[in-house]
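> One letter stands for each residue in the lines below.
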Amino acid sequence: MQKENEECKKNIKAKEVITTFCKLLSALDVESVPTAEVFRRAKFNRIDVTQDLWCLLSSLLMKSFEPDCACSEPNKLSNPDTQLRFVRNALWHSGYGGWWVVGPRACESREEIGSRDLLLAISWLIASGNLEALLRERLLQLDVLSSAAVGPPEKLDLDLNGCGEKDVRRLQWQYGKLKLQWRSLLTAQQEQAKLTDKVCSHISSPPICYPSAALVPNLTGYTALEKDLERLQSLNGILEAYLEWKKTEPLFWCWMDSVIDGYLSDGNQEGSMDELLRDQVVTQSCSHGDKARRSVRRLDKMLLRLQTKHQDRLDKCTDTTRLSHRQKEDAERRVTAHLQGFSLVNTLTATDRGFTPYFQDPQASKSTSKPQRGDSGQAQTSGMLQASSVLKELRHRKAILEWEIELLRQSQREEMQSKCNALEGLVFIMPLNR
Amino acid sequence: MSVVTVQLGQCGNQIGPEVFSTVYEDSTGANAKPYKQCSDERLFRENSDGALVARAVLIDMEPKVITQAIAKASSSGKWRYGEKSHFCQKQGSGNNWANGYCVHGPQHKEAVEDLVRREVERCDRLAGIFAMMSVAGGTGSGVGTYVTQCLRDTYPHSFILNHLTWPYGTGEVIVQNYNSVLTLSRLYTLSDALVVHENDTVHKICSQLMNIKHISISDLNKVIAHQLGSVLQPAYTADSPVHYSRNPIGELLSSLVCHPEYKLLTVLNIPHMSQTSLAYSAYTWPGLLKHLRQMLIANARMEEGIDWKVCVPSRRSESATNTQMGFNRSLSNLLILRGKNGSSADVEAFKEPGLYVPWIPADGTFHTWHCPVPFSGYEKLATLISNSQSLLNPLDHIVKKAWDMFASRAYIHQYTKFGVSEEDFLESFTTLEQIVSSYTHL
Numbered sequence: 001m002q003k004e005n006e007e008c009k010k011n012i013k014a015k016e017v018i019t020t021f022c023k024l025l026s027a028l029d030v031e032s033v034p035t036a037e038v039f040r041r042a043k044f045n046r047i048d049v050t051q052d053l054w055c056l057l058s059s060l061l062m063k064s065f066e067p068d069c070a071c072s073e074p075n076k077l078s079n080p081d082t083q084l085r086f087v088r089n090a091l092w093h094s095g096y097g098g099w100w101v102v103g104p105r106a107c108e109s110r111e112e113i114g115s116r117d118l119l120l121a122i123s124w125l126i127a128s129g130n131l132e133a134l135l136r137e138r139l140l141q142l143d144v145l146s147s148a149a150v151g152p153p154e155k156l157d158l159d160l161n162g163c164g165e166k167d168v169r170r171l172q173w174q175y176g177k178l179k180l181q182w183r184s185l186l187t188a189q190q191e192q193a194k195l196t197d198k199v200c201s202h203i204s205s206p207p208i209c210y211p212s213a214a215l216v217p218n219l220t221g222y223t224a225l226e227k228d229l230e231r232l233q234s235l236n237g238i239l240e241a242y243l244e245w246k247k248t249e250p251l252f253w254c255w256m257d258s259v260i261d262g263y264l265s266d267g268n269q270e271g272s273m274d275e276l277l278r279d280q281v282v283t284q285s286c287s288h289g290d291k292a293r294r295s296v297r298r299l300d301k302m303l304l305r306l307q308t309k310h311q312d313r314l315d316k317c318t319d320t321t322r323l324s325h326r327q328k329e330d331a332e333r334r335v336t337a338h339l340q341g342f343s344l345v346n347t348l349t350a351t352d353r354g355f356t357p358y359f360q361d362p363q364a365s366k367s368t369s370k371p372q373r374g375d376s377g378q379a380q381t382s383g384m385l386q387a388s389s390v391l392k393e394l395r396h397r398k399a400i401l402e403w404e405i406e407l408l409r410q411s412q413r414e415e416m417q418s419k420c421n422a423l424e425g426l427v428f429i430m431p432l433n434r
Numbered sequence: 001m002s003v004v005t006v007q008l009g010q011c012g013n014q015i016g017p018e019v020f021s022t023v024y025e026d027s028t029g030a031n032a033k034p035y036k037q038c039s040d041e042r043l044f045r046e047n048s049d050g051a052l053v054a055r056a057v058l059i060d061m062e063p064k065v066i067t068q069a070i071a072k073a074s075s076s077g078k079w080r081y082g083e084k085s086h087f088c089q090k091q092g093s094g095n096n097w098a099n100g101y102c103v104h105g106p107q108h109k110e111a112v113e114d115l116v117r118r119e120v121e122r123c124d125r126l127a128g129i130f131a132m133m134s135v136a137g138g139t140g141s142g143v144g145t146y147v148t149q150c151l152r153d154t155y156p157h158s159f160i161l162n163h164l165t166w167p168y169g170t171g172e173v174i175v176q177n178y179n180s181v182l183t184l185s186r187l188y189t190l191s192d193a194l195v196v197h198e199n200d201t202v203h204k205i206c207s208q209l210m211n212i213k214h215i216s217i218s219d220l221n222k223v224i225a226h227q228l229g230s231v232l233q234p235a236y237t238a239d240s241p242v243h244y245s246r247n248p249i250g251e252l253l254s255s256l257v258c259h260p261e262y263k264l265l266t267v268l269n270i271p272h273m274s275q276t277s278l279a280y281s282a283y284t285w286p287g288l289l290k291h292l293r294q295m296l297i298a299n300a301r302m303e304e305g306i307d308w309k310v311c312v313p314s315r316r317s318e319s320a321t322n323t324q325m326g327f328n329r330s331l332s333n334l335l336i337l338r339g340k341n342g343s344s345a346d347v348e349a350f351k352e353p354g355l356y357v358p359w360i361p362a363d364g365t366f367h368t369w370h371c372p373v374p375f376s377g378y379e380k381l382a383t384l385i386s387n388s389q390s391l392l393n394p395l396d397h398i399v400k401k402a403w404d405m406f407a408s409r410a411y412i413h414q415y416t417k418f419g420v421s422e423e424d425f426l427e428s429f430t431t432l433e434q435i436v437s438s439y440t441h442l
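Residue numbers (full-length UniProt numbering), protein chains in the order written: chain A, 1 to 434; chain B, 1 to 442.
Just chain A, with the same shape it has in the complex:
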């Protein structure tokens, strides 16, 4: 009973948190923002909310990619296939690695993608700072008070490959300039804050409140001013919504954790371990706003992927059972030729027997009681060696040879010296030790 109550509380909280999130999205002018209920249903992978989430995801992505791709036409996206392609490409571009975006199972039809998958993708976008980017953009559009920006930084004509001292100095100069400009902007901002505060306290004394609708009638006729006021008010709205969201953000991620848990426990086991791990890492990284930690996770993910790939490859290499008999023979012949090449160079010792390579069957190595090639197989393996032991043997032989050479050299040197000493009137100076 108590547990149920807690659950209930949690749910209410989650709903509030998601509502805050939706409010922020609406304030940021994102289109087709669904209700909190849609998110809740998406957690359980309900099909009926998929369309809503598709719309939200694509409009979120449109917002952030709009400035970059002038060619994209919004009305074209009404076509589900185009929408899917756009969303997938955009997600891939923002670094999302969900199963339906990258990898062999990246799907071509929308039916396979559940609402929970979409929810995870949305949370990825939030975690990777898309909200802040949108906020920044809106801020630049609406902020009438901020002084004109200094303009884009000058273009650097640097050849980074052949970077000389001059280029370093030039960079240092430009860096110093940027720093100074940043400080200028900072003071401008401080001034702005101070002046805004002054204006506010001036207008609304004695009762302390911000200039609200009550003051607007006085300004009729000043359409420009009115517009500015409107912009400032909507800016305030956005900032307030963002603040509210920031306060509740940790709770949102707790909720997302439960979504991920659900995702992992349901139907996603059939995917290969590789994919599962990858998705897990992706979603885990979402639940931490911390940038550094995120990048560490990303590295982890890469490492895991590499390891699994490596494992794959190793398996392929050692799994000789898949090779046909002819292929095996072929390979064995090649290695024999190679090893013979070695032994030809090194044929000195009488102990040289020559080697015959032989693929070791994995099963045979694990359980010797199961000879694969019948009776003759056992006998053969005893006379054959693995490549690694061949290498070891060769290295050992090389060391012996080197030692022999050194001995020979030494003795010849001594011989030469004794001969030279026998010659009268000749002083023999030894060459430097090599």
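Please keep in mind that the hints were generated in silico from the structure rather than gathered at the bench.
These numbers come from a predicted model, not from an experiment.
Just to be clear, a hint being listed does not mean it is correct.
[Unchecked claim] Taking beta-carbon pairs under 8 angstroms as the criterion, some of the chain B residues facing chain A (in silico):
id	residue
1	Leu126
2	His157
3	Pro260
Note that CB positions come from ideal geometry on N, CA and C, so glycine has one too.
Following the hints, complete the assembly by docking chain B onto the known chain A.
This is chain B only, laid out in the frame that chain A set:
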């Protein structure tokens, strides 16, 4: 947009009031309202009685000079210092940098910081902190360095510009080179830029251009104040071509001192003359700028005695020989033209790439500000603030003399007893050698 001035020691407290007077007289006499307003907001504030009060903090370890400055300002009836914006003690620093830096500075840290903070809080926008001091004495240099350090800690992102007066080469104080070395090496890392006036140069301007027979400290200070005033007064800049710039110090710094190794600035003014001959003079912009350019490349500090033989080397390979020929290479220059038609004057000659080091982007080397309002009765006035090799020789001279003394350990005990060790000296020497070498190899 306001600048808070910090006057430190005897020198700072003597030049400070001259600067405020010059600026006040200039903007009041200019008969241009926006100019006056901007100038007033920049350096003054209004107190409750409506009187103009300098945005300044006065600091000295002895009361004499401060008392004089305050009295002089209030007796002018035009502007005054804030009633509680000074700090002084009974006992000076005895021309000992260590005494100022290690003893007086830390002792009065809180009081001084409090004064500056109050002044800073009165600004809507702190455009920068302008600290004025000499490098030779004890209070200005020692306490001044300490105060600059505190200011840097308190206002890490604000612009801090130090004005330094360099002593006569012949010597005013026996340990002046020690004090200079210790001050310069520390300020170089703390301050955003060091604007330098050498007493020798200013003295020459007084005697040769102003025709003053018996030159007093006050005469020198007036010349310095005149030059600083022409920099600090309102002007149109690249970032603010229609309104007077609200970020004068920031713009000055970002056009001149973006590289942390090069922070030494000199000021060149043309023309310079006595008030009596002003009325009889007529100048053209091309004439003035031609002279100014030659002053720059031949490293002449005034329009008389310019070596016209020095020219810009045509190829980089010639630079070595031209250094010996007296060519003065610049990193960056800022030209301020005050007077009629200054905006249309032809300044192309200053943009020649040969004047500058090759590694600074071409659009970063030269900037112009202008203002149609004539400055201080000068119908036309050109001021050039330059980050160039011109201070190389005097700096080298200071370092060498100080090193000679240090090599024989002369007067070192005076410093060690206050806590400045020989290692501190060595560190300072290293820093300055590095600066000398940086400027030499431009």
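> With 8 angstroms as the cut and Cβ atoms as the points, is Pro260(B) at the interface with chain A?
With a closest approach of 6 angstroms, the Pro260(B) hint holds.
> Can we keep the His157(B) interface hint, with Cβ of chain A closer than 8 angstroms?
5 angstroms, holds
> Verify the interface restraint on Leu126(B): the C-beta must sit less than 8 angstroms from at least one C-beta of chain A.
Nearest chain A Cβ about 6 angstroms off; hint holds.
Figure legend: structure checked against the earlier numbered hints; every hint is met.
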